[in-house]
Amino acid sequence: MHEMRYEAPKTLAAAVSLLAGASGQARVLAGGTDLLIQMRGGRVDPELLVDIKGIPEMTSIVADNGVFRFGAAVPCMELVEHEAFAKAWPGVIDGANLIGSIQVRGRATAGGNLCNASPAADTVPALIAAGATVSVVGSNGRREVPVEDIATGPGKTSLVRGEIVASFLLPRRPPRSGDAYLRFIPRTEMDIAVVGAGINLTLDEAGVCSQARVCIGAVAERALLVREAAAALIGTKVDAEALQRMAAAVSAACRPIDDKRGTKEYRIKVAGVMARRAAQIALDRARRKN
Amino acid sequence: MASVIVHPEKELKVVGTSPVRPDGVPKVTGLAQYGADFSLPGMLWGKILRSPHAHARIRSIDTSKAQALPGVKAVMTSADLPEQKFEYVGPERVAVNFWHMTRNIMAREKVLYEGHAVAAVAATTPAIAEEALKLIEVDYEVLPHVIDVDEAMKPEAPLLFEDMITRGIDPPPKEPSNVSKRIEYKMGDIAAGFAAADEIVELSFKTKPVHQGYIEPHATLARTDADGQVELWVSSQGHFVVRTMVCRLLGIKTADLRVHAAEIGGAFGGKTVVYVEPVAVTLSRKSGHPVKIMMSREEVFRGTGPTSGASMTIKIGVMKDGDIVAADALMKYQAGAFPTSPVMNGLMCGFAPYDIPNVRTIGYDVVCNRPKTVAYRAPGSPISAYAVESTMDAAAKKIGMDPLQFRLKNIAKPGTQLVYGAKIAHEGFAETLQALQRHPGYTKPLGKNQGRGMAVGYWFNGGGESSATVHVNEDGSAVVATGSPDIGGSRASTAQMAAETLGIEYERVRPIIADTNSVGYTQATGGSRVTYATGRAVIGACNKVIAEMCARAAKIWKIDVEDVIWEDGFARPAGKRAGEFPPLSFKDIASKRTATGGPIVAASAINADGQGPGFAAQFCDVEVDPETGQVKILRYVAAQDAGRAVHPKYVEGQIQGGVVQGIGWALNEEYIYDRNGKLENPGFLDYRIPVASDLPMIETIVVEVPNPNHPYGVKGVAEANIVPPMAAIANAIENAIGRRLTELPMSPPKVLAALDAEQRG
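As they're listed, the protein sequences go chains A and B.
Quick note: the first sequence uses this note's numbering, first residue 1, plus one each step.
Quick note: the second sequence uses this note's numbering, first residue 1001, plus one each step.
Mixed in with the good hints, there may be bad ones.
What the hints assert, rightly or not - Listed next, with one range per pair, are the computed distances between beta-carbon atoms:
(1) A:R5 to B:L1685: 23 to 31 Å
(2) A:N65 to B:P1052: 53 to 61 Å
(3) B:V1020 to A:A86: 38 to 46 Å
(4) B:R1057 to A:A248: 50 to 58 Å
What the hints assert, rightly or not - Partial pick of chain A residues on the chain B-facing surface, computed with a CB cut under 8 Å:
(5) T59
(6) S60
(7) E83
(8) A86
(9) F184
(10) R187
(11) M190
(12) I192
(13) C254
(14) K260
Hints listed in this document are in silico derivations from the structure and should not be mistaken for laboratory results.
Ideal Cβ placement from N, Cα and C applies to all residues, glycine included.
Could you put the whole structure together from the sequences, leaning on the hints where they help?
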């Protein structure tokens, strides 16, 4: 048994300095939907908790001429209910709207989801597919990093001691763009992805796919951006044949493990299916935006 | 909810309506007192140390460091529990062996499953108790373990009990094994039956253990007086059962242990035994303080019973016209770490819905390194029904007959001889099947990747010992005290039957669950027995009250009691005195109690037999995702014979609840163990009971074929409904994809593998 310190700084600088100066294990507390469970389960036993929900940059959603910046501590339900954001990035919303229950989503954050570094994180594939970057603040200042470069393995990130993911930046979207995230779970909700697939694509005026990003979750040690899968879509009208080739590329990229949530074989097969179905939804959304 | 009343009776005023439940307001306002809600001054927090190994010999336990931690007031191990005699006591179907039970409460020579309790502490705070557990040093010699039932039966399997000789084999085997018992029932000549059959279908099946999944974890509070009297608050289906078990396990005089049944957050059979109660009492006796123990969800999964998993083979011989001429079953049920699975029930119930001349059922009760199984809703019957009803479906298909028509042709009727010796004594099976057959959905065309399946289910239902006391109050209200914890709406149903019998409004009856020192002995709430048996005790007590009311009226009128009758809640002069006095209401007489002889109280205590069996028939439509193997339940229709639905909405709720648990059992629920026999999914995230969005509205058909042995015709309704779903869904999947899944759960990877096999041909 030992004492645990709880701090709720008002600025990023104060948060960074607390984390950098901690003597023992320090944890950032956003929604707490992962951290509190880990603490109760005895898996982590932090000496310091830094609650970041009082820091303005981390709790706001800012729209600027089609570019969105949202704080890492913005709860998923705030994203879901932000009309302009939800209209611009329906695929990111697909992911944010799948975590836990409404009550859990009222606390859970995309920043926490990313930094908890579960390969099955539901908000991450769509954010990677979206080409989102994060603003990382630490003792040595601020750096902008693609979302796909944060998680390195289950529970592990590229952040160094004292660094915090402060906010997400989503670029301005070209016309005729659509995104989608789909996951497979054995139930219909309240579950963790067995596989997940986020797709973001843009069509040209002739309906040909000009840009695409494909990211799959829960099939490797972290979410995977699959360039070969995107390449299978680019230059096509995203017809059945292109979708099939994209699905095959997705399955080929999978390197899952057998665990309590699914077998390797099953995950590889279903990853392709989810990616194809998500691409179809993204395509329909892109076509509606011309 | 559709309703089918086969034999309409005289009109009743309260029975057959669905009033607000008497326990509803405290529950929805959060004020109801559940097991964990009781606290006392000076109370300590008890925590239990559990085995990290699936199977290990305990070389030693050193509790000295825990004992020395400031704030720790008591530490216990199995050494604090008296040794018990090795003997099976009670009726064979539910026999218990206290030698086993005390070892399940706290391991002695060996730990037999991961999560097996080995020691416990009581401390001034939960954190200190938690810390103290870490200071207990247990020296284990880890042994090989066995989880699966077929593996456990192999000669080379690690033995849980080195001296266990299988019972039920003559002469007894010379070598010990994990098979605790063999049971065989037979009638007719099965060899001749199969020889005469036009077609024979034989299939093998496996099921996994599933947990009852109650929302409220086990919790208890114990206090001890200086003179040895003990008081316990429990979350239990049977506080009298708790009393019997704790007294026996700890050597307490029965009258010295007073047990209070707390409000209960689900049980489904899982709270018919004791886990934390004897531990809390022991810690309380050692420390002199009240002790509270609350399990976590993880402890519930690791340390409390599921029902059995099983391995089964079913063989059925049929004639081309649909007659079943022979049936043979082999059923191996896991008992968990200690003997006695519900295999006997499986053997008895499997073929019970049918009139078959030649039947044999053989069962094995097998121990393995997982928690000791405990009752779960119709214990044993859903497991065997999954195998039998799947095979019935295959048999119907083989002769080209509609599966419902096939069952109707062979359905058991009053007088049908069953393999275990009993004869069917009640009507209702055929009526229930026919009601299902009439449902318009049964013949509705299906779409692509969709299938329809049906199955039936049998459950004995229970009678047994129940007590009730009715106290009449001066304002004309009445308190009905029973010894039956209310897990399914029995306070409402008993209040309704009391109101109906007494002729007063439902709202004037306050039903309560009295503690073990305040009402007569009453068996646990289980076996769908309470509305039947406790209901009869309540009606009996009410009839005594009426007799007393008539006597008081006779006294007031100064006439002979023979000249008073009770009608619709009023005493009236009758016979030669008819019309001489204005009638006296229940309230009129109650208010004059002091002048007419004092308190009006009546008790009734019975050992009820004559219960009607439970029978359910269900069909469902499913859609299978051909690319993921996910099964969606599109429609579920469940018919059940209620005898008489006292509270139709609760009957509907019972049916829906049983079906939903069956859907979880069919599709997703399973324990996942790692190589070392450690449970990997001890929580509701990965132990997947259904969520609301997984389910369609479960359509119910309440069939009412009254039980003549109950004044209002009641048959138990809580269990038969969980018997058919696994087979109904398996049959629907087979209908959709052309492949039969013979292993539960029929989770997406298994369904997808079956689809792939189908494509390969």
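Hint check results:
| no. | hint | result |
| --- | --- | --- |
| 1 | A:R5 to B:L1685: 23 to 31 Å | holds, 30 Å |
| 2 | A:N65 to B:P1052: 53 to 61 Å | holds, 58 Å |
| 3 | B:V1020 to A:A86: 38 to 46 Å | holds, 41 Å |
| 4 | B:R1057 to A:A248: 50 to 58 Å | holds, 53 Å |
| 5 | T59 | violated, 28 Å |
| 6 | S60 | violated, 31 Å |
| 7 | E83 | violated, 25 Å |
| 8 | A86 | violated, 21 Å |
| 9 | F184 | holds, 6 Å |
| 10 | R187 | holds, 5 Å |
| 11 | M190 | holds, 5 Å |
| 12 | I192 | holds, 7 Å |
| 13 | C254 | violated, 15 Å |
| 14 | K260 | holds, 4 Å |
Hint violations for this structure: numbers 5, 6, 7, 8, 13, all remaining hints satisfied.
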